[in-house]
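Enquirer: Chain residues, written in single-letter form:
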Amino acid sequence: GQNIDQPTEMTATEGAIVQINCTYQTSGFNGLFWYQQHAGEAPTFLSYNVLDGLEEKGRFSSFLSRSKGYSYLLLKELQMKDSASYLCASSENMTTDSWGKLQFGAGTQVVVTP
Amino acid sequence: GAGVSQTPSNKVTEKGKYVELRCDPISGHTALYWYRQSLGQGPEFLIYFQGTGAADDSGLPNDRFFAVRPEGSVSTLKIQRTERGDSAVYLCASSPRSNNEQFFGPGTRLTVL
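The listed protein sequences derive, respectively, from chains E and P.
First residue of the first sequence? That's 68 in my numbering, and the numbers climb one at a time after it.
First residue of the second sequence? That's 25 in my numbering, and the numbers climb one at a time after it.
No wet-lab data here; the hints were simulated from the structure.
Heads up, a few of these hints could be off.
To be verified - One-sided excerpt, in silico: chain P residues whose CB lies under 10 Å from chain E:
(1) V36
(2) E38
(3) Y42
(4) Y59
(5) G64
(6) Q65
(7) A79
(8) G83
(9) F127
Said to hold, decoys possible - Far from chain P by the CB rule (all over 10 Å, computed), these chain E residues:
(10) P110
(11) S128
(12) S132
(13) D149
(14) L154
(15) K168
(16) V179
Said to hold, decoys possible - Distance ranges between label pairs, derived from CB positions:
(17) P:S29 - E:I84: 30 to 40 Å
(18) P:R121 - E:T78: 36 to 46 Å
(19) P:R121 - E:E122: 14 to 24 Å
(20) E:D72 - P:G27: 38 to 48 Å
(21) P:T135 - E:E122: 30 to 40 Å
(22) P:S62 - E:P74: 13 to 23 Å
(23) E:G107 - P:K39: 22 to 32 Å
(24) P:P94 - E:E122: 32 to 42 Å
Just so you know, even glycine gets a beta-carbon here, dropped at the ideal spot from N, CA and C.
Generate coordinates for the entire structure from the input sequences, incorporating the hints supplied.
Expert: Below is the structure:
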């Protein structure tokens with residue numbers, strides 16, 4: 068099993084940068100995923116990391132350190148529409164057909180203010 | 025449709041009743057997952073299908089919960105003798121292979137009175 072910890076809420080100003088940290092304790096860790104979820108809507112995929120290092124996708128970047136059990140999601144040039152919950156999730160014990168089971172953290176509510 | 029669809033969008037039932045929740049995955053996606061999400065929490069894994077078979081059902085909380093995917097496409101999550109603690113949003117996701125991005129449906133909000 069896995070324990071995943073992330074902050075409950077963060078507030079930032081439009082145009083600023085916010086970093087959401089996630090730590091995990093795992094057995095058989097495979098990869099770390101980030102999802103965005105607006106209130107009342109389904110989660111949407113943002114990024115994933117399998118290897119250590121930084122993955123950049125436009126305004127969003129995600130970092131992973133497997134040795135430290137640590138990841139972060141970096142949101143740049145914040146926009147009002149970025150106000151949402153950001154979910155950290157890990158997968159474990161990947162085989163040829165069992166990557167997909169994800170264990171989610173409780174989510175970090177990001178509030179973007181004008 | 026282009027995305028994962030789930031029906032009904034809302035279901036209100038009484039304690040002790042039986043409910044069925046349906047998921048239509050994206051066409052051609054072989055992997056299908058069920059999660060449930062309580063308010064203020066992240067999704068909690070229930071069961072995962074690869075094709076018609078349940079590859080991992082370790083997340084089902086007890087034997088009141090059962091899911092099927094008889095033709096490898098549509099899936100139904102069945103809950104017997106519902107309890108108030110079953111109230112949650114039930115999310116379905118699919119992926120083209122089990123090691124790809126999961127696309128989530130809008131969910132079914134189940135309320136047990």
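Enquirer: State for each hint whether it applies.
Expert: Status of each hint after checking the structure:
Taking 10 Å as the C-beta contact cut-off toward chain E, the hint placing V36 (chain P) at the interface is violated, the least distance being around 17 Å. Taking 10 Å as the C-beta cut-off, the interface hint given for E38 (chain P) is violated, the closest approach to chain E being about 24 Å. Taking 10 Å as the C-beta cut-off, the interface hint given for Y42 (chain P) is violated, the closest approach to chain E being about 25 Å. For Y59 (chain P), the suggested interface contact is upheld, since its CB lies about 8 Å from the closest CB of chain E, less than 10 Å.
Against a cut-off of 10 Å between C-beta atoms, the interface hint on G64 (chain P) holds, since the closest Cβ of chain E lies about 7 Å away. Given hint, Q65 (chain P) at the interface with chain E, holds; its Cβ is 5 Å from that chain's nearest Cβ, closer than 10 Å. Among the interface hints, the one on A79 (chain P) holds; its C-beta lies about 6 Å from the nearest C-beta in chain E, closer than the 10 Å criterion. Because the beta carbon of G83 (chain P) sits about 8 Å from the nearest beta carbon in chain E, less than 10 Å, this interface hint is met.
The criterion of a C-beta within 10 Å of any C-beta in chain E is met by F127 (chain P), whose closest approach is roughly 7 Å, and the hint holds. Not every CB of chain P lies more than 10 Å from the CB of P110 (chain E), the least distance being 5 Å, so the non-interface label is violated. With 10 Å as the threshold on Cβ separation, the claim that S128 (chain E) sits away from chain P holds: the shortest Cβ distance comes to roughly 17 Å. Residue placement check: S132 (chain E) keeps its beta carbon more than 10 Å from all beta carbons of chain P (closest about 21 Å).
The Cβ of D149 (chain E) sits about 18 Å from the closest Cβ of chain P, beyond the 10 Å cut-off, so the non-interface label holds. Its closest Cβ contact with chain P, about 5 Å, brings L154 (chain E) to no more than 10 Å, contrary to its assignment away from the interface. Listed as outside the interface, K168 (chain E) is inconsistent with that label: its C-beta sits roughly 5 Å from the nearest C-beta of chain P, within the 10 Å cut-off. Every CB of chain P is more than 10 Å from the CB of V179 (chain E) (nearest about 19 Å), matching its label as outside the interface.
Between S29 (chain P) and I84 (chain E) the beta carbons are some 36 Å apart, a value that agrees with the proposed interval 30 to 40 Å. Checking the proposed 36 to 46 Å range against R121 (chain P) and T78 (chain E) shows it holds: the Cβ atoms sit about 39 Å from each other. Taking the beta carbon of each, R121 (chain P) and E122 (chain E) are about 20 Å apart, inside 14 to 24 Å as hinted. Between D72 (chain E) and G27 (chain P) the C-beta distance comes to about 31 Å, which lies outside the given range of 38 to 48 Å.
Checked against the hint of 30 to 40 Å, the pair T135 (chain P) and E122 (chain E) passes, with Cβ atoms roughly 39 Å apart. Between S62 (chain P) and P74 (chain E) the beta carbons are some 19 Å apart, a value that agrees with the proposed interval 13 to 23 Å. Take G107 (chain E) and K39 (chain P): their Cβ atoms lie about 25 Å apart, and the range 22 to 32 Å holds. Evaluation of the 32 to 42 Å hint for P94 (chain P) and E122 (chain E) yields a pass: the beta carbon distance comes to about 38 Å.
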